[in-house]
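Q: Sequence:
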Amino acid sequence: MTLQSLIILGGVVAAFAAFIVSVGGIAIWSNLDMRDPGAGE
288 MTLQSLIILG
298 GVVAAFAAFI
308 VSVGGIAIWS
318 NLDMRDPGAG
328 E
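Under the working numbering, the first residue of the sequence shown carries the number 288, and numbering increases by one thereafter.
It should be emphasised that the hints constitute simulated quantities derived from the structure, not laboratory data.
C-beta: ideal position from N, C-alpha, C; glycine also.
Among the clues, some could well be false.
Here are the computed distance ranges between Cβ atoms for each label pair [unchecked claim]:
{"hint": "1", "residue 1": "S317", "residue 2": "G297", "range": "27 to 35 Å"}
{"hint": "2", "residue 1": "V310", "residue 2": "T289", "range": "40 to 48 Å"}
{"hint": "3", "residue 1": "M288", "residue 2": "L319", "range": "35 to 43 Å"}
{"hint": "4", "residue 1": "L319", "residue 2": "Q291", "range": "41 to 49 Å"}
{"hint": "5", "residue 1": "I295", "residue 2": "I315", "range": "26 to 34 Å"}
{"hint": "6", "residue 1": "L319", "residue 2": "T289", "range": "24 to 32 Å"}
Go ahead and model the full structure; you've got the sequences and the hints to work with.
A: Below is the structure:
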């Protein structure tokens with residue numbers, strides 16, 4: 288593997304990880320809101 292392909296692969300993996308974290312965070316917050324309605328009011 289060349290250095291360029293390693294950099295591209297690393298960028299793809301990092302973007303995928305960020306996507307998973309953001310989706311997971313949204314799902315967790317939605318879950319908390321459903322479990323405890325009106326807590327933030």
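Q: Hints first: check each against the structure and report whether it holds.
A: We went through each hint and held it up to the structure:
no.	hint	result
1	S317 with G297: 27 to 35 Å	holds, 31 Å
2	V310 with T289: 40 to 48 Å	violated, 32 Å
3	M288 with L319: 35 to 43 Å	holds, 42 Å
4	L319 with Q291: 41 to 49 Å	holds, 42 Å
5	I295 with I315: 26 to 34 Å	holds, 31 Å
6	L319 with T289: 24 to 32 Å	violated, 45 Å
When held up to the earlier numbered hints, the structure conflicts with 2 and 6 and fits the remainder.
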